[in-house]
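**Student:** Here are the chains, one letter per residue:
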Amino acid sequence: MGLNTAPSSVSTELPKKAQLEIPPAPVERSRWYPFKKALPIYLFIAPGVILFLLWTVYPLVNLFIMSFFQWNLIKPSVFTGLDNYTRAFGDEIFWQALRNTIMYAVISVPGQLVLGLGVALLVNQKLPFRSLFRTLFYLPVVSSWLVVSLIFMYLYNSQAGLINYVLKDILNIIPSYQAWLQNPVTALLAICVLGIWKGVGWTMVIFLAGLQSVPPTLYESAAIDGANNWRRFWHITLPLIRPTVVFATVMLSIGAFNVFIQVYVMTGGGPQHSTETLMTYMYSEAFKFLDLGYGAALSWIFTTGIFVVSLIEIKFLRRPMEY
Amino acid sequence: MQNLPGTSSLSTASNSRFWRRGSRKSEVAVIDRRHPLLVLAIYIVLIFWSILSVAPLLYMVSTAFKPNQYVFEFPPKFIPENPTTENFEQAWNSNNFGLYFSNSLVVSVAATAIILVLSSMMAFAFARYSFPGRTTLFYAILGTMMVPGLVLIIPQFVLAKNLLLLNSLHGLVVAYSANSAVNIFFLRGAFEEIPQDLQDAAAIDGAGIWATFWRIMLPLVKPSLAAMAIFSFMGAWDEFTWALTSIQDETLRTLPIGLRLFQQSHGTQWGLVFAASLIAVVPVIIVFLIFQRYFIQGISSGAVKG
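As they're listed, the protein sequences go chains A and B. Just so you know, we're using numbering that gives the first Met the number 0 here: the first sequence kicks off at 0 and counts up by one. Just so you know, we're using numbering that gives the first Met the number 0 here: the second sequence kicks off at 0 and counts up by one.
Extracted from the complex, chain B is given alone in its bound form (with noise of 0.2 angstroms):
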């Protein structure tokens, strides 16, 4: 995704670029000649800011670390004086967390892999082919991204017990695929900003779709796929209503379900539900710093077209 500063600071592509450091063309400060106090300022807010975003998500791995008997102490303790991690060792080897990780796990890979292929696949019929009925079905999946995902819960149970999917890890696999449309919005922009040559060429060559599509434009579009994947797996991995409402084995359980019948039957031990929580919610954040240009990238798009 080539695309000159400037030109096009309209496009999503420019948007994965200020996430980066370094100055842009059409970055400009609002405060010109900014006064040495002002960045003071400035600065005092922009730590107190970080100081409430960052201290509870460190006061849960601290609490992880806290022998149980430390975890109502008084004054609360940012360092804990006793570091443990007995917590982890308890939380991993009761209530079968190694299960519910590896069910999660699986779930999120299949659900990702489905997603993007079929996503893809779409994105790539309404950006680059014309066909009868092409715009009223997209503005009808698109429609669809504002009835909000709850709402539908109550008929794809009753759905998901006709088909029976209640209650397997095949039901949520699909019903995790089935969140495609923010997908195929974001990756039909991405398939829209390949030069029309290189199908034609394509074309002329005597690709059928399926080839132009495979070998030609999905290697195009891999960073945006990048970005959808990580979405796509943060989505299922972190799905707590769905699980809830159609699981009932408790061999079929994922991790936000464990971590949530975890507290509720270990209440007042948060040391131990800290723990658990860490092991949930680490790969995500691991995930996150890694791959964070992507995330800018897949959020804000479509944000500035409006």
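One chain only, chain A, in its complex shape (with noise of 0.2 angstroms):
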């Protein structure tokens, strides 16, 4: 399969370049000594980057390669050029997926920064029991994707959802009981609120981390100055975690653009596909309809789109640091 390239690339390049020199002096070390040195070293790597080449290198290119084919597993598979591509941008549900996963990373990334910002800032106080607060906050993010999609269909159940319950019988804020997941206008605003209640915990560790790199002189100095609370946020805090909020964005952003189980299994991209999003387009696609060659090129798109977002991100947040 050609797929240990590391080893075998440097033994094809290497003679080529031997014969071109000139036979050495005794002392001198020719121009492969560096790869014969690390032959140890190569050995021992060997495992992890075969099963890396194996696992993601390969497929990475074969998803490729397949876009451009009517690949399904049952008949032989047609070269078809752009076709996928072209049937791609004019399919309706397509765009459908994209403005709803824009539409839930638009709501959700900024849910969880302001949150998780937000909570990290009150737990980095000093406080009595903050680190039990820390360890609750966090109870959402290792509970598993699978079990807290099943909870939150039980809490917005539309007869005797917990959620209804507290929304119209005890706040009286809805008038009347709301089937949240079968309705198209709520089914992608619930999702998000699932979203946001699993993501904050993990953004709060971010954010702490963040939070505890800021050299405490700065306020200090800021404090003689006569700063108050919020200037000192606005002007030492936030400059300085920027390369977190960085970090957190992009992160959450291609998280976002990742949502895959919590609709898979609440709504199954519906009702008429208003929570469809560009992975479960694809993976019904590819698994439902064995159209896999279609199913290649829309997660070449996404691919693209997310590494596109996140170069965006990183240039417009990341600025050079003033101290």
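Certain hints may be false.
[As the list claims (entries may be wrong)] In silico DSS-like links for lysine-lysine, alpha-carbon gap of 30 angstroms or less:
| no. | chain 1 | residue 1 | chain 2 | residue 2 |
| --- | --- | --- | --- | --- |
| 1 | B | 76 | A | 167 |
| 2 | A | 74 | A | 287 |
| 3 | A | 74 | B | 76 |
[What the hints assert, rightly or not] Across the chosen pairs, the derived CB separations fall in these ranges:
| no. | chain 1 | residue 1 | chain 2 | residue 2 | range |
| --- | --- | --- | --- | --- | --- |
| 4 | A | 223 | B | 205 | 57 to 63 angstroms |
| 5 | B | 139 | A | 81 | 25 to 31 angstroms |
| 6 | A | 89 | B | 91 | 48 to 54 angstroms |
| 7 | A | 168 | B | 284 | 29 to 35 angstroms |
| 8 | A | 73 | B | 260 | 23 to 29 angstroms |
| 9 | B | 101 | A | 89 | 47 to 53 angstroms |
| 10 | B | 91 | A | 128 | 32 to 38 angstroms |
| 11 | B | 104 | A | 225 | 21 to 27 angstroms |
| 12 | B | 214 | A | 128 | 42 to 48 angstroms |
[Claimed, not checked] Sample of chain A residues at the chain B side, in silico, Cβ under 7 angstroms:
| no. | residue |
| --- | --- |
| 13 | 29 |
| 14 | 32 |
| 15 | 33 |
| 16 | 40 |
| 17 | 43 |
| 18 | 67 |
| 19 | 102 |
| 20 | 146 |
| 21 | 161 |
| 22 | 257 |
| 23 | 283 |
| 24 | 298 |
Please keep in mind that the hints were generated in silico from the structure rather than gathered at the bench. Yeah, the Cβ is synthetic: ideal placement off N, Cα and C, and Gly gets one too.
Build the complex: two chains, separate frames, hints provided.
**Tutor:** As structure tokens, then:
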């Protein structure tokens, strides 16, 4: 399969170079001496590298190739050029899935960032029981996506779900019981709420790490200068944790574009594709309709999209830091 | 991993400390002179968010103990009136949950062991040796962290089919073992913190790369290995999509798949579904509560350096 290219590329390239050289003087070392010297290290990392090439690099290349084929597992594959891509751009459900995914990201990423930062600021205070609070806030993160999706299906239940009960009978915010997950207007929002609920704990931990890297002397001098809490937050904390904000934003966006399990379990992309996301659409095209080539083209479009979004976020959020 | 407070507030090792109670030098309250009302307000917010965080999980627990006719009782009750363990017995006995549990356990343990061995070896080589291609390879591996996992599922499925890894537990182990980019990144940091003197001393004593790795270096990164072990185990234990896609045989299902199918066939018997969910989720929560410090260390490494 030509997969273990790391050691073999070394050996194919080297003899050519060696031939060009004048026979070396006894003290001089040949050009490929570093490779020869590193041979034990190459052997040492070979198992890991082979697995990486086999399960990540090769599929990535093959994904690209498959996207130009009409590829299902039953009939032989047919080369169709850019057909899969043109089909995607004319596919109304693809655009719907794209809009839904962007909507999910636009709601859930800032939601997690703001709440996560707020909670992190609070549990960063020296207060009794703060480690207990951190532990409690983190519990949703360690629960599996499948299980929390099941829990929220039950909570969103239209007959006697806890959410309907709290919102109507206790708080009187909504006029009547809602079928949150069956209503095209509210279904995506309901999934966003689950995403935020589960993600805040993770964001909190990331921001706590950032907050603890801010040198305390800065706050002390700011306090001497008479800066109030808000100004200290805005002018010291926020600029200094900017790398953390960038990191969290990029990771949360990648996560948001990957939204799959909760949609697959809770709504299956319905009703009327109102919660269809890029991943659920790709998955159902590939494994329900066995149109693997089209699924591969969709995957490549998402990968490119996520890459571009990450680059834009990094470019706009990361500015030179001034102390 | 020794570090003095204040000297390396940016380093990975210091992150592990903030989960503990007690004060740290670099830690200063944003709010300096605190008004009692302000403290009260902070506690109100904290308690409110604690309730929001935990209530859904507790509600699952309470529903699992409710007899099925009370699952849609009105108004909903947090403490079940006639608690019963019937759901657990029924969930465990129907649908082979014992088998799914052992499948999950075997696959997760095997994958964790492979991940730990392979990724610590690679991390060690990246951290302590220079060799041609090191930087390129490291960034290639790191770059794949950006490729969302599910994107590769189609070609991985085709590959697994060709390698006869579909519908087998071996296939699950291979797929889960390949998720090691984060571990390599994290363990590399741990290996880099070890003083060079130790490596030099081992080299003078004639230790090769294997002996240096197994005898000298690996014991020194045990805390980081523990963190990685927990993460990898949890990742494999909870994995849903690949198992759903690659396993057809009923006897090879893992817990998440069993749980999903159980929910589909017992749609409204939420007591049963949640009893089964608890069987799946409780081991993970216990592991988290015991090892929570390691979790935080693992998650937040890399976040600060940006």
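**Student:** Look at each hint and say if it fits the structure.
**Tutor:** Right, here's what the structure says about each hint:
Only pairs whose Cα atoms come within 30 angstroms are accepted, and residue 76 (chain B) paired with residue 167 (chain A) is accepted, the gap being roughly 16 angstroms. For the proposed pair residue 74 (chain A) and residue 287 (chain A), the alpha carbon gap of about 16 angstroms is at most 30 angstroms, so the pair holds. Taken as a hint, the residue 74 (chain A) and residue 76 (chain B) pair is broken in the structure, with Cα atoms around 55 angstroms apart against an allowance of 30 angstroms. At roughly 59 angstroms, the beta carbons of residue 223 (chain A) and residue 205 (chain B) sit within the given window of 57 to 63 angstroms.
Between residue 139 (chain B) and residue 81 (chain A) the Cβ separation comes to about 28 angstroms, which falls inside the hinted range of 25 to 31 angstroms. Judged by the Cβ atoms, the range 48 to 54 angstroms given for residue 89 (chain A) and residue 91 (chain B) holds: they are separated by roughly 50 angstroms. As the Cβ distance of residue 168 (chain A) to residue 284 (chain B) is approximately 30 angstroms, the hint placing it in 29 to 35 angstroms holds. The hinted range of 23 to 29 angstroms is satisfied by residue 73 (chain A) and residue 260 (chain B), whose Cβ atoms lie roughly 25 angstroms apart.
Look at residue 101 (chain B) against residue 89 (chain A): about 48 angstroms separates their beta carbons, and that is inside 47 to 53 angstroms. Range check, residue 91 (chain B) to residue 128 (chain A): Cβ separation about 36 angstroms, and the 32 to 38 angstroms hint holds. For the pair residue 104 (chain B) and residue 225 (chain A), the beta carbons lie near 60 angstroms from each other, so the given range of 21 to 27 angstroms is not met. Taking the beta carbon of each, residue 214 (chain B) and residue 128 (chain A) are about 44 angstroms apart, inside 42 to 48 angstroms as hinted.
Because the smallest distance between the Cβ of residue 29 (chain A) and any Cβ of chain B comes to about 13 angstroms, over 7 angstroms, the interface hint for this residue is violated. Using the Cβ-Cβ criterion of 7 angstroms, the hint placing residue 32 (chain A) at the interface with chain B is not satisfied: the shortest such distance is roughly 10 angstroms. Below 7 angstroms, beta-carbon pairs count as interface contacts, and residue 33 (chain A) has one with chain B at about 5 angstroms; its hint therefore holds. A distance limit of 7 angstroms between C-beta atoms decides the matter here; for residue 40 (chain A) the minimum to chain B is near 5 angstroms, and the interface restraint holds.
Checking residue 43 (chain A) against chain B by beta carbon gives a least distance of about 5 angstroms; that is within 7 angstroms, so the hint holds. At its closest, the beta carbon of residue 67 (chain A) sits 13 angstroms from a beta carbon of chain B; the interface hint therefore is violated under the 7 angstroms criterion. Of the supplied interface hints, the one on residue 102 (chain A) is violated, with its beta-carbon coming no nearer than about 18 angstroms to a beta-carbon of chain B, more than 7 angstroms. Hint status for residue 146 (chain A): holds, given a least beta-carbon distance of 5 angstroms to chain B, under 7 angstroms.
Given the 7 angstroms rule on beta carbons, the hint for residue 161 (chain A) holds: about 5 angstroms separates it from the nearest Cβ of chain B. Contact between residue 257 (chain A) and chain B, as hinted, is supported at the beta carbon level, the nearest pair being about 4 angstroms apart and thus within 7 angstroms. The interface hint given for residue 283 (chain A) is broken, as the beta carbon of that residue sits about 12 angstroms from the closest beta carbon of chain B, more than 7 angstroms. Nearest Cβ of chain B to the Cβ of residue 298 (chain A): about 5 angstroms, under the 7 angstroms cut. The hint holds.
Checked against the numbered hints listed earlier, the structure breaks hints 3, 11, 13, 14, 18, 19 and 23; every other hint is satisfied.
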